[in-house]
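Asks: Read off the chains here:
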Amino acid sequence: MISIRHLSKSFGKLRVLDDVSLDIHRGTVTAILGPNASGKSTLLKCILGLVNPDSGKILIDNEAIAGRWHYRAKLGYMPQIARLPEHLTVAELFSLLRDLRAGDSDNDIELFARYELGPMGAKHLGTLSGGTRQKIIAAVAFLFSPQLLILDEPTVGLDPIATTIFKDKVRKERDNGRTVLLSSHLVNEVEEMADHVIYIQDGKPFFAGTMAEIKSRTSETRLDRALVRIVEASREVRA
Amino acid sequence: MSHAGKILKYELQNLLRSRWLLGTAVVLFGITEILFRFGGDPGRTIASLVNIVLVVVPLMSVVLGTVYFYNSREFNELLLAQPVNRTSIYLGKLIGFAGALCIAFLVGLTGPFLIHSYGLRAHVTELLTLLAIGCALIVIFVSLAFYAATRFEDRIKGLGMTLAVWFFLTVIWDGLILLYVHIFRQYPYEGGLLALVFLNPVDLGRINIMLQLDISALMGYTGAVFQKAFGTTRGLTLTVVAMIVYAMVPVLFGLRTFRRKDF
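From first to last, the protein sequence lines stand for chains A and B.
Position 51 of the first sequence, counting from 1, maps to 51 under our numbering, and the rest follow consecutively.
Position 6 of the second sequence, counting from 1, maps to 6 under our numbering, and the rest follow consecutively.
Please keep in mind that the hints were generated in silico from the structure rather than gathered at the bench.
Take the hints with a grain of salt, since some may be wrong.
[Unchecked claim] Within a straight-line C-alpha distance of at most 20 Å, the following computed SDA-like cross-link-like pairs (lysine to any residue) qualify: (1) B:Lys261 to A:Val51; (2) A:Lys74 to B:Ile89; (3) A:Lys204 to A:Glu220; (4) B:Lys9 to A:His124; (5) A:Lys13 to A:Lys204.
Everything numeric in this text was worked out from a predicted model, so none of it was measured.
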C-alpha cells in the first residue's frame with residue numbers, strides 16, 4: 001500500500017527523518033512507536049503531504065505522491081490536537097467535509113452514531129469539551145470509508161469507553177481490508193490493535209516487523225519488554 | 001462550486017458569528033455616530049473619518065488577520081489532509097476573512113449615514129470613495145497578515161512584522177515625504193512627491209479621498225499638482241491598478257510560502 005524509500009527531512013539543523021525506508025502492507029494495522037520527538041508525527045505528515053521531504057519518495061499504490069493532492073481522497077486523517085472553527089456547528093463541519101469530498105465513497109457514520117454525535121448537530125464546536133472534539137475528528141477520519149487511515153495518537157483524549165469503541169472500529173476496518181497506520185505512546189494499546197510494529201528513534205526505524213517477529217526475536221511475551229530488549233541490545237552494539 | 005468557494009462559504013459562516021467581528025462593526029458604528037453628533041453633517045463626518053479609515057482600519061486588519069490565521073493552524077492541518085490543493089485552501093480562507101472584515105467595516109460605517117441621511121446626496125461620491133479605499137486597505141493588510149502568519153512559525157515575530165509594516169506605511173512614510181520635500185524645496189520636487197505618494201497604498205488612499213473633499217483647496221499649489229495627477233480618469237485608473245498590485249504582492253508571496261510550507 002505504502003512504500004517509503006530513503007526519506008529524509010531536516011528542520012534547520014535537526015535531522016528529524018534520516019534515510020527512512022519502510023513498507024506498509026495493505027489490510028494491516030501498523031503502529032509506529034518511539035520516544036518524543038523521534039519523528040513519528042513527521043513521518044505521518046510526509047505521507048499526508050503536510051510536510052515536504054528533503055529527499056526520498058513515498059509511493060501509495062505505486063504512485064509517487066510528491067506535489068499531488070488527489071491521492072488524499074483515499075486517506076482519512078485523525079490529527080493529534082483537535083482545534084476546530086469555534087462558531088461552526090457540528091453538522092456544518094460534517095457538511096463542509098462532505099462538500100469538499102463530494103463524490104467520495106459512501107459515508108461511514110458508525111462512529112458518528114456510536115459516539116452519539118447526532119443530537120449535538122446544532123452545537124457550536126467552540127462550546128464542546130476536548131474529548132467530544134476528539135470524538136468528532138475520529139468520526140471524521142472514518143467518514144469517507146478511506147482505504148488508508150492515518151491516526152496520530154488517536155486515543156489520547158478519549159475516555160475509556162470511547163477508546164474501546166475506537167479500537168473495535170480500527171479492527172473492524174482492518175478486517176474489511178483497510179490499511180491503518182497509527183502512532184502511539186501506549187504500548188498496551190498497540191499490542192491490542194496492531195499487527196505490525198515500527199520502532200523509530202532519532203529519525204531512524206530501529207525495528208520493523210510483525211508483532212510475532214518482535215516477540216520471538218527477543219523471546220519476550222510482552223511488547224513493552226521486547227521493546228526494552230531491542231533498545232538495550234542496540235546500545236550494547238554501539239558501545 | 002470550486003474547493004476555494006466551498007471553504008470561503010464556511011469561513012464566512014464561521015466569522016460572521018464571531019464576537020470580535022461584531023465588535024469591530026459596533027466600534028466603527030459608534031465612532032461614526034459620535035462624529036455625527038459633534039459635526040452634524042455628512043461632509044464633515046467623512047472628513048473626520050478619513051484618518052480613522054487610513055490608520056485604524058489597516059491596524060485592525062493586520063492584528064485580527066495575524067491572530068486569526070495563527071489560531072486556525074490546527075484546523076488548516078485537517079483541511080490540508082483532505083483531497084484539496086493548497087492554493088484553494090489559502091485563497092478560500094483569505095477571501096473569506098477579508099470579505100468578513102469588509103462586511104463589518106461597510107455595515108459599521110454606513111449605518112450612521114443612513115440614519116442621518118439628510119444632505120447625504122451631495123456627498124455620495126465622497127462616501128463611496130472612502131468605503132472603496134477602506135475595503136482596498138483591508139484586502140491589502142489582511143493579505144500581508146496572512147503572509148506573515150504563514151512565513152513565521154513564531155506568533156510574536158509574525159505580529160511584530162505586520163505591525164512594523166503598518167507603522168512604516170502609516171507614520172514613518174509621511175516623515176520621509178516631509179524630509180524629501182524639505183531637502184528638495186529649492187528644486188521642482190513634484191515628480192518625486194507623486195512617486196512617493198503612489199508607492200504607499202495608505203497615502204494613495206489619502207490623496208484620493210482628500211481630492212473628493214472641499215479641503216483640497218487648502219493644499220494650494222501642491223493640491224493643484226495632485227488634482228492634475230489624480231483627479232483625471234487616467235489618475236483614477238492608475239490608482240485602481242496600483243491598489244490591485246499592492247494587494248497581489250502579499251497574496252502571491254503568501255501563496256508561494258503556503259504551498260511550500262511544512263505543517
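Asks: Which numbered hints does this structure break?
Replies: 3
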